[in-house]
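Visitor: Okay, here's what each chain looks like letter by letter:
Number of protein chains: 2
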Amino acid sequence: MAPSKTGERLIYLPLGGAGEIGMNAYVYGYGMPGKERLILVDLGVAFPDMDGSPGVDLIMADISWLTARLDRLEAIFITHGHEDHLGGLPHLWSQLKKPVYARAFTATLGRMKMEEAGLARDAIRTVKPRPEVITAGPFEVQFVPVSHSIPESAALVIDTPAGRIVHSGDFKLDRNPIVGEAWDDAAFEAIAAERPIKALMCDSTNVFSPLPGRSESTLGVPLSELIAASSGMVVATTFASNVARLKTLAEAGRAAGRTICLLGRAMKKMVLAGEESGVLQGFPRHIGPEDAQEVPRKNLMLIVTGSQGERRAASAQLARGKYLGLEMREGDTFLFSSKTIPGNEREVSKVVNALSEKGVTIVDDSNGKYHVSGHANRPDLEHVHRLLLPDMLLPMHGEHRHLREHAKLAKDSGIASLVATNGMMIDLTGDAPKVVDRIEAGRTYLDGTALIGAMDGVVRDRIRMALNGHVTVTLIVDEDGEALGEPWVDTMGLPTKGRGGRELSEVLEADLGAFIAGAGRKVMGDDDKLEEALKRTVRQVAMTEIGKKPEVIVVISRLSAE
Amino acid sequence: MAPSKTGERLIYLPLGGAGEIGMNAYVYGYGMPGKERLILVDLGVAFPDMDGSPGVDLIMADISWLTARLDRLEAIFITHGHEDHLGGLPHLWSQLKKPVYARAFTATLGRMKMEEAGLARDAIRTVKPRPEVITAGPFEVQFVPVSHSIPESAALVIDTPAGRIVHSGDFKLDRNPIVGEAWDDAAFEAIAAERPIKALMCDSTNVFSPLPGRSESTLGVPLSELIAASSGMVVATTFASNVARLKTLAEAGRAAGRTICLLGRAMKKMVLAGEESGVLQGFPRHIGPEDAQEVPRKNLMLIVTGSQGERRAASAQLARGKYLGLEMREGDTFLFSSKTIPGNEREVSKVVNALSEKGVTIVDDSNGKYHVSGHANRPDLEHVHRLLLPDMLLPMHGEHRHLREHAKLAKDSGIASLVATNGMMIDLTGDAPKVVDRIEAGRTYLDGTALIGAMDGVVRDRIRMALNGHVTVTLIVDEDGEALGEPWVDTMGLPTKGRGGRELSEVLEADLGAFIAGAGRKVMGDDDKLEEALKRTVRQVAMTEIGKKPEVIVVISRLSAE
Chain F
0 MAPSKTGERL IYLPLGGAGE IGMNAYVYGY GMPGKERLIL VDLGVAFPDM
50 DGSPGVDLIM ADISWLTARL DRLEAIFITH GHEDHLGGLP HLWSQLKKPV
100 YARAFTATLG RMKMEEAGLA RDAIRTVKPR PEVITAGPFE VQFVPVSHSI
150 PESAALVIDT PAGRIVHSGD FKLDRNPIVG EAWDDAAFEA IAAERPIKAL
200 MCDSTNVFSP LPGRSESTLG VPLSELIAAS SGMVVATTFA SNVARLKTLA
250 EAGRAAGRTI CLLGRAMKKM VLAGEESGVL QGFPRHIGPE DAQEVPRKNL
300 MLIVTGSQGE RRAASAQLAR GKYLGLEMRE GDTFLFSSKT IPGNEREVSK
350 VVNALSEKGV TIVDDSNGKY HVSGHANRPD LEHVHRLLLP DMLLPMHGEH
400 RHLREHAKLA KDSGIASLVA TNGMMIDLTG DAPKVVDRIE AGRTYLDGTA
450 LIGAMDGVVR DRIRMALNGH VTVTLIVDED GEALGEPWVD TMGLPTKGRG
500 GRELSEVLEA DLGAFIAGAG RKVMGDDDKL EEALKRTVRQ VAMTEIGKKP
550 EVIVVISRLS AE
Chain W
0 MAPSKTGERL IYLPLGGAGE IGMNAYVYGY GMPGKERLIL VDLGVAFPDM
50 DGSPGVDLIM ADISWLTARL DRLEAIFITH GHEDHLGGLP HLWSQLKKPV
100 YARAFTATLG RMKMEEAGLA RDAIRTVKPR PEVITAGPFE VQFVPVSHSI
150 PESAALVIDT PAGRIVHSGD FKLDRNPIVG EAWDDAAFEA IAAERPIKAL
200 MCDSTNVFSP LPGRSESTLG VPLSELIAAS SGMVVATTFA SNVARLKTLA
250 EAGRAAGRTI CLLGRAMKKM VLAGEESGVL QGFPRHIGPE DAQEVPRKNL
300 MLIVTGSQGE RRAASAQLAR GKYLGLEMRE GDTFLFSSKT IPGNEREVSK
350 VVNALSEKGV TIVDDSNGKY HVSGHANRPD LEHVHRLLLP DMLLPMHGEH
400 RHLREHAKLA KDSGIASLVA TNGMMIDLTG DAPKVVDRIE AGRTYLDGTA
450 LIGAMDGVVR DRIRMALNGH VTVTLIVDED GEALGEPWVD TMGLPTKGRG
500 GRELSEVLEA DLGAFIAGAG RKVMGDDDKL EEALKRTVRQ VAMTEIGKKP
550 EVIVVISRLS AE
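Protein chains in written order, with numbering that gives the first Met the number 0: chain F, 0 to 561; chain W, 0 to 561.
None of these hints come from the bench; they were simulated from the model.
Be a bit skeptical, because a hint or two may be false.
Calculated cross-link-like contacts (lysine to aspartate or glutamate; reagent style EDC-like; alpha-carbon spacing at most 16 Å) [to be verified]: (1) W/Lys349 <-> F/Asp48; (2) W/Lys547 <-> F/Asp56; (3) F/Lys410 <-> F/Glu439; (4) W/Lys34 <-> W/Asp426; (5) F/Lys548 <-> W/Glu356; (6) F/Lys96 <-> F/Asp56; (7) W/Lys34 <-> W/Glu7; (8) W/Lys338 <-> F/Glu344; (9) F/Lys338 <-> W/Glu344; (10) F/Lys407 <-> W/Glu356; (11) W/Lys349 <-> F/Asp363; (12) W/Lys534 <-> F/Asp489; (13) W/Lys548 <-> F/Asp56; (14) W/Lys521 <-> W/Glu478; (15) W/Lys407 <-> W/Asp426; (16) W/Lys496 <-> F/Asp455; (17) F/Lys338 <-> F/Asp363; (18) F/Lys349 <-> W/Glu356; (19) W/Lys127 <-> W/Glu139; (20) W/Lys407 <-> F/Asp56; (21) W/Lys96 <-> W/Asp70; (22) F/Lys534 <-> W/Glu139; (23) F/Lys496 <-> W/Asp455; (24) W/Lys548 <-> W/Asp460.
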C-alpha cells in the first residue's frame, strides 16, 4: 500500500458528477505523473433550466482535459443506462473515439443513441459481469451487478498496480428488485476478500435519508390495492427507464383486471431494449393507444412518460387535453409512482393543477407507498462501507453537501476521506487521498446542434435579454460624418409605452436624434465612440421611461462617397 | 336566506389568489345585478420566475374590471401585512384611490410602502378589532384577530343585507403564538351565534396536511437546545415578517448566552414596524453588524433574511463570502427556521451548497423541529367548518388542487361548496353558490417602473430570445431598389460558430447576400415581403448551421433620391 517505488501513481479526477447530481464523468489514471494511462467512467448529461441555461438542450462535462490527452486514454466504461451516465456519449464520443464498454442492456441503449446520432454502433462493446475482465492499459476492469432503478446497473472493480478500486456506480441494497439482479452482499465480500479495497468511490445521493431503503417488491400490493379501488381510467407515470417499476405497475394493473397501454416514446423504447437485451421477461401484454380507445375506462390502465412534468411528455399532454385519442375525465385517477426531482416542482405542479381542473383524482408519493428510491440510504451506505472496508472513500454523485456529509460518515468509521469535486485531481497512491492538481472543470452545452462552453457568454447574453429586453438602433452616416435621416429603433421584449403613455421607441428615437444633432465630429467620426454613446443614451432614456436598462445593439452604416 | 325579493344580490369575485398561492385580491358586491356596490379584500403580489416571467419585478392581479367600475367601489380592506396580501397596494392604489382599512401593524407596513412609492400615507386607516365596524356602502366589516405567521392577521366578518360572510384571511389555530393574539374559538362561536354564517371564504393552503398544525410555542425548546449545542457562530434565517419567530429565535439565542444581531433590511423594518405599532414588546436587545464583529463567534447569533435563497438577501451574501464584515467559517451553524416554498428549491440549494463548501453545518426543517407553518392544516380547517357552520364554503388561497380538495372536504360535511377560481363571479344570494359570470382575470406585471399585461407579448418575446437567441439584420436599399452594399448581421445569445467552424454571422451574411442578389424587383421593392424573406433566410440558415431558429429583427433603410 506504500507509494510506488517507481514513482508511478494512481489518480482520480472527477470531471462531472462530483458537486452536482448529473453529468457524471470520472477519470482514473495510472503511470508516471503527467504520463498516466487513463480510463473514463461514465459520460452523462445534466438537464438545463430557464434560470441558468435557457435554450440549452443538454449539459455535459467539459472534456477538453481529456481531448488534449487522447493518446493516453484507453477506454470508456459506462456503469448503467441512465441519461446522467450514458447521455453524453452520442454528443461527445466523436471527440474521443475510444472503445466503450457496458453490460448488455446499457449497451443496447447506447447503440440506439449512437445510431440516432449517425455514429458507429460497434463502438460499444458488450461486457459480461465479473469474472469477465477488460484490460485497458494498466487497468483491469470488472462489472459487478448492483440493484438500482434501471436494469443491469453495475459497480466497477478496477484493479491497478497500486491497488483495487471499487467504483460503486448508482446502487441501492435491493434484495428483491423484481427485474434484474438483487444486491449481493456475498459478491462484495468476495471482492474485498480477494484483494483489499484501496479506494471506494461511492454514490452519495441519499446520504441524508436516515432510514434503510425499501425494496421495489414492497410496491406491488399497495399499487394493486390502489388500482383495484379506482373506478375510472387509471394513469400511472414513472421514469421510463425504471423497467422494474413498469413491470410492477403493469402487473398491478393486470391483477386489477385492467388492460395495459404504454404511452410515450421513451417508455416503449425502454421496454423494447429490455426485451431485446433479455433483461425483461414476462412483461404483461399491452396494447397501443388506438386499441385502448375501445377499452372501457374502468378496464384500462395507461403507463405514461412525464413524471417530472416535461411539457412534451405524455403526462403533460394528457393534462392539457386529448392525447392520441385518449382523454382524462372526472373520476379518473392519476398516479405519480415517482418523486419530483428538486427543481421540477413548478412543472409537476402545472400538470397536477391541470388534472385537478379535469376532476381527476391525483395520487402522489406523499405517503411513501407508491415509490421507492433507487439509491442507497445512509444506513445502506454504512453497510457497504463495512462490507468493503476500503482504505479510503471518495464520495461522488452528489451536490457538495452530499459529498461532505458522506466524507464525514466515512471518517467517522475511520476511513480516510476527502471531498473531491469536479476538477480536483486526487492522488490515491498513498494511504490517504491527496489533492495534487486542480484543472478547469467546466460545462459544455449542447445548444441546438452546436457544442458551446458554459462560460462562452452565449447563455449569459440570453439571460440578459430575458431580464432586460433588447433594443436595436440603426443609424446611417454619410461621407461627411453627418447622420443621414433619423436613428431608427426596434425593441423586443420591452413595454411599448413609457412614462405618460408615450411610445417608448419614439421617445428613444427623439432622444437619440437630439444627441446626434448635438454630437461633434469627433464622436460622429468614430464608430466605437458613437456606438458607446448611443448605447448609453438608450439605457439612460429607457431607465427614465420604463425603469429598465435593456441590451442594445447599435448598427452604424457609413455610406462612402461613390 | 332566500334570494332577495328586491332582486338585489350578493356576489363574490376572486381576481387573484383563487388558483394560485399569491396575489390575493377578492371582490365582494351587493346590489342590483350590474349595479352592485363593491369592496376589495386584499391587494397582493406574486413573485416572478425565469420560467414564466423573466425580468418582471412583481406580479399582481389585473384590476381592470374594478377600474372600469370605480364609481361602485367603496373601500379596500387588507387582512394582514404579507406581500401576497398587501404588496400590490403601492403599485395599484393610484388607479383605485379608495380608503384602505387595516389593523395597526398592517397599516404601519402599508404606510411605509405608500411612502416609498411617493403616495399619501393617510390613504390607509387603522382599524381596531371587532366590535369596531367599518361601514362601506351596504357592507359592514369587522376585523377579527386570528393567529398566523405575521402579527395582527385578521379574518373579516362582512355583514350584508343578504347575510353574514366570514372571510378567513390566512390563519392557523395557534393557542400560544408568542407574538400577537391567539386563535380564539369562543370569538368565532360568538360570531356564528350572533348571526348565522351565510358563506365562509377560507384559506386552503394546507388542506393536504393531514395532522393538526403545531404552535409557534413548540419551537423554543428545540431551538434553544440546538443553539446551545453549537460551537461556532450561529446564523438563523426565517421570513422577516414572522415577527414571532424572530422573537423565538432571539430568545433562544439569548438563553444560550449569545448576542443577537439582525441582518437584512426587511428584518430590521419588520422589528421596527412591530415596535412602532406596539405588537412587539420585549424583543431581546440586539446589535448592528459593526459591533457584531467584536463579539467572539461562539457568543454570536445572526438572524438574517433570505430563507428562500434570494440572491441579494443576507443568507445568499453570507454563503458567497463576507457580508457587512461578517463571514461564516468551518464549524459555524446555519439554520433554516423556514420551509422552502415550492419553486425556490434551486436557489435554496445554491445557498446550502455554498455554505457546505465553507464547512458550515446546515440544519434545515427536515426533522420538523425548527419550523411550523402559518396555515391551518386539514383537521384545523374541519374544526373551523364546525365552529362556524356556514351555509356555503368558497375555498380560496390555493392552487386549483387545494381549492378542489377543500371544496370536497366542505361538501363531505354537508356544506354547499364550489371551486371558484379567479374571474368566476359567484352569486351567494341563494342557498348555494352559483356561477353567474366569468370575467377575463389576467395578471399585471410590474416591469421596472412599467405596468404591463401578462398577455401583452412583452414577456413572451423575452422568453423567445432566451430560448432562441437574437439576430439583427440591417440592409440599405437605394432609390432604385438595389441593395447598397451587403446585408449586415449582428447576433446575440447565439453560438459564434456554425457547422465546420465557420463564423455564423459570416455564413448568414453570405447567404442573405446571395438571396438579395437573386431577388427580383417585386421583393426588393416591398418592405414587408423583403423583411419576411430575410427573416426566413436567417432562420433556415441558422437551423442548418446551429440547429436553432433565432428571433430576427430586420431593419431595411431606403435611401430616397435627394
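Visitor: Can you list which hints this structure breaks, lowest number first?
Guide: Hints 3, 5, 6, 11, 15, 18, 20, 22 not satisfied by this model.
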